[in-house]
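Position chain G relative to chain H; hints supplied.
Number of protein chains: 2
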Amino acid sequence: MPLGERGGWERSESRYCGVETDFSDDVPSLLSFHISTGGFDYVLAPLMNPSYRPSLVEGNGLDTQVLPFSGSDLVLAPSQWSSHVVGKISSWIDLDSEDEVLRMDSETTLKQEVAWATHLSLQACLLPTPKGTSCANYARCVNQILQGLTNLQLWLRIPLVKSDGDSMDATSEDLNDSWELWNSFRLLCEHDSKLSVALDVMSTLPSETSLGRWMGESVRAAIISTDSFLTNARGYPCLSKRHQKLLAGFFDHAVQVVVSGKPVHNITKASDSNTDDTQRHPLRSYLDYVAYLFQKMEALPEQERIEVPLMDNLEAQTYETFERDSVKYIQYQRAVAKALVDRVPDEKASELTTVLMVVGAGRGPLVRASLQAAEETDRKLKVYAVEKNPNAVVTLHNLVKLEGWEDIVTIISCDMRFWSAPEKADILVSELLGSFGDNELSPECLDGAQRFLKTDGISIPSSYTSFIQPVTASKLYNDIKAHKDLAHFETAYVVKLHSVAKLAPSQSVFTFTHPNFSTKANNQRYKKLRFNLPSDAGSALVHGFAGYFDSVLYKDVHLGIEPTTATPNMFSWFPIFFPLRKPVEVHPDSPLEVHFWRCCGSSKVWYEWSVSSPTPSPMHNTNGRSYWVGL
Amino acid sequence: MPLGERGGWERSESRYCGVETDFSDDVPSLLSFHISTGGFDYVLAPLMNPSYRPSLVEGNGLDTQVLPFSGSDLVLAPSQWSSHVVGKISSWIDLDSEDEVLRMDSETTLKQEVAWATHLSLQACLLPTPKGTSCANYARCVNQILQGLTNLQLWLRIPLVKSDGDSMDATSEDLNDSWELWNSFRLLCEHDSKLSVALDVMSTLPSETSLGRWMGESVRAAIISTDSFLTNARGYPCLSKRHQKLLAGFFDHAVQVVVSGKPVHNITKASDSNTDDTQRHPLRSYLDYVAYLFQKMEALPEQERIEVPLMDNLEAQTYETFERDSVKYIQYQRAVAKALVDRVPDEKASELTTVLMVVGAGRGPLVRASLQAAEETDRKLKVYAVEKNPNAVVTLHNLVKLEGWEDIVTIISCDMRFWSAPEKADILVSELLGSFGDNELSPECLDGAQRFLKTDGISIPSSYTSFIQPVTASKLYNDIKAHKDLAHFETAYVVKLHSVAKLAPSQSVFTFTHPNFSTKANNQRYKKLRFNLPSDAGSALVHGFAGYFDSVLYKDVHLGIEPTTATPNMFSWFPIFFPLRKPVEVHPDSPLEVHFWRCCGSSKVWYEWSVSSPTPSPMHNTNGRSYWVGL
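Sequence lines, in order, name chains H and G. For the first sequence, my numbering gives the first residue as 4, with consecutive numbering after it. For the second sequence, my numbering gives the first residue as 4, with consecutive numbering after it.
It does not matter which identical chain is meant; a pair holds if it fits inside one copy or across any two.
Only pairs whose alpha carbons sit at most 20 Å apart, straight line, appear in this in silico EDC-like list of lysine to aspartate or glutamate:
id : residue 1 : residue 2
1  : 585       : 195
2  : 585       : 193
3  : 478       : 255
4  : 299       : 13
5  : 484       : 193
6  : 487       : 193
7  : 531       : 110
8  : 585       : 488
9  : 523       : 110
10 : 531       : 102
11 : 351       : 379
12 : 134       : 103
13 : 391       : 450
14 : 244       : 230
15 : 385       : 410
16 : 244       : 255
Just so you know, the hints here were simulated from the structure itself, not pulled from any lab data.
One chain only, chain H, in its complex shape (with noise of 0.2 Å):
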């Protein structure tokens, strides 16, 4: 039974609640005991006899030997072994050992095992956690192993620990990171989009942004121990505050939650003593309280609820979708409305008129922005609306007669950069601006339209500054590198940011400031940047970087999607990522440096990146071969 049914991709995905069992040979029991007086959603249990040992199986009697698995595959439907079991792969397994014969034994049964559960078209197998450091020999064979599955997913199971760095604690020396040790496994296995993590959460928790760079990596489960409760005033579990926030963390990333272990809070003696306590399971009152805290989570503020495909593009939505972003236009109508008043004094307010052009007008609602701004202002306005779409021009049309706006609005049906104008005009307003700010030619478009701009005239907006900060998102790079081309590693996406780590904060990369009537000025840009990651965060991979945009309309009023200053509930742009062909490893003591540049050819217009330390990169979109904006 899910854990509740609270709304977002996500959270879907994590309201399904797991129990850790032993080893049974009777399946069907197993389930009914678990599922069905239990309440949880699937079991993660072994599928073969944990004494079992391919060494010590006598003789050549192989051919006719039958594996000790838990029962055939006949006691459950298909269906059921792969919605109610998750297989647990046998914990003795050590692939590293020193000792052969167990590093073969573990090889042979690790095989045998994922056959089987293929077999019984299991959805996941869980693989225990690599003993001791060294890992190669055991990611050897399951990157073997991943190269024949199709639909099965293997979760390796990697306890959440992180040393302070300081400690002298004995215990710590061997596994000081457990990040470390998933990070060495998946790159042996490349990757694989198969290979995820379950992870072990212990009563201790590492400290909050170490914990922060696993959201970007891909954990499918959470596994709670008993051990890790709190007891309440009642002599029920519950969860510490900063387990309640992790839990909370894992729900939004789509993670679920396993609870593992013996009961250790003994509800029987309490008051509800006088029920039937041979109907209830003994971890329920633990799954209550994982419902409970699915269940009061918030409710997902509204944008968050949008479904947006990963790599589509924004673009291409109708106009409407945009017009409908009330909070983008009221700052433009604020913007308008401080330009106005310092343009014209009160005094001079009923005979001086403003000329204002909406160069990129649309179906209009910059042009109705402003015209509420003057008539907030009290100031007379008079405004041309310069759209190239011709379709939209005919919107623009009906809009103006509907509006009664004749007398005021000039339609111009032309692409700004061959207009004429008539007049010079005193403010030129646009929204030409791209989730990166200049990613769509917005620079090259006001530096032809400022030919028709007064000297003293007014731009709004009168700059913007684009802002990269570094990322962990493997499931953005695994979408990625599915293409299998170095093109979609050289492009920059404008997509949703779920399941991303930020690993430090935002940083400016370019400002183009409007109007610009320097004779020396040019659109190209270059920026070097320093990362540093917060000293307590642990080793990271970067997959890329997400970049944002900040834009002045006009003096304090601002309009922008950078995290720490972004313009509340406004949904016109969606970050946009920029991916790098090979991930970074960075650790807090060495800076991540990159670069970037704006380049601009005769026709186009294109980003190159690189990373320079602490290992250089290749350069990315080297002449803009894989990304570009044509002129």
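What follows is chain G alone, placed relative to chain H:
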């Protein structure tokens, strides 16, 4: 006039000597002076007036302006430009300057000069040394240029410096190890094969091990300043022993010498003052000395002069080539002789007959060696010569008839795996080893053949071990990369390892011992190796691993190609090279950890390999997908 005519491909490349000159707008005179009078083969000359700066060009007259190049393309014939001039890009350019005007001027000038060099069909241009330690923008611009080049090579000028590490010298702080600069630059340019190094040789040289790294890099020129020369007793320039050794290394690695600077040895004052000084080029004595060094090099040993195309399938060569390798068969003869004496004491020499089987007899060289051993030790021998190739069997029959061996040698035309031997052998002789020992199924073949060996019988070879060592091998890497597919990066190549820098002593990988009658035996192997670079080496890039074998034929008689113990003057085996998909940078203080697996399936045998430290690589050749030997 080339330095000399000594053999080998590398030396035929390195016999040309250039001279670095100042800018001149009279190129014909420049050539006449340096080439006709001076005796140099080419000039390294600036193409553009060094006072030119694009930003200083007045007004908008660009359309009519002629760039201040060194004369018209018509002043020389195209073949003269191409063979006598290497273009020297303006040394003032600084693409990573904080000064944006200088940066823009630099980019414009670099692109103009390279375009001009391309127009002139020059073979190469020298790029000035990056200023400071940052070079990302320079690399971005060069990388853009490289995409458009077809024939022109770019040589990046790099000073040959590396501090000791513990030096407190202030001047060495900003450039501790110039290899790092080169490494960053070429990684940013993604190992483009048209980008090479021109090393500036100084009067002081870094350590031997640090110099060794460069022999695996793509070094095309060594620019030696006249300041670096010492003065001999007669007042003539000469070089220190260490410089001489370095130059000899360069000559053997296809590196051309360029003499640079003003003459600092005033030879005209010396004895030959009577000659016509106006005819003598001021740098002629430096050239003469370089030519002297070139000519005094020892002739290459015969096996070094064999021309082997890279990545050829050596197995396809004829039996004849290998039969000529007399050193190899002398070792076999010695081993058989020792085995015969051990099997049969002197007093029984006339009564006991030793049964010897040659498995894979080919055209008979091991049969001959065995018979010679019997003759030498005065032992009685009965030989079975098993060979599956029916064509070789024809030759074998003729050999036996010709030599009159009919009573001693029985020819078995059969695959050794399917032969039913009429009796068991005392000695089993085979030559199934590959460059990596077990890479041509010797273990599997001998496992099959030992069926007809007596339980106390002897296998020759009795054991063999493979070895690897990490190498820098830019040229091999680029040859592999040129195929643009994964399979070539997951294949091992039998190659002549020229232009390779060996970064650490080799270590043993897999050992096989024969006979091996244990029932638990199998031919799968796993080895983890850890290599440490010498502490004074500096960082280096590992492109892959050179592989070798050593074999114990019998007791103290061995045969092998592992460099420190290699059998002299044997040419049957070249090393094997295991590439890495992405080269790994290693430092003396972070060991390189590498894993090799020998995997056996039902129909094939293959290797997998990976690096786990300092940064994990993906697994190579998973499931033998790219490279295997069929059973």
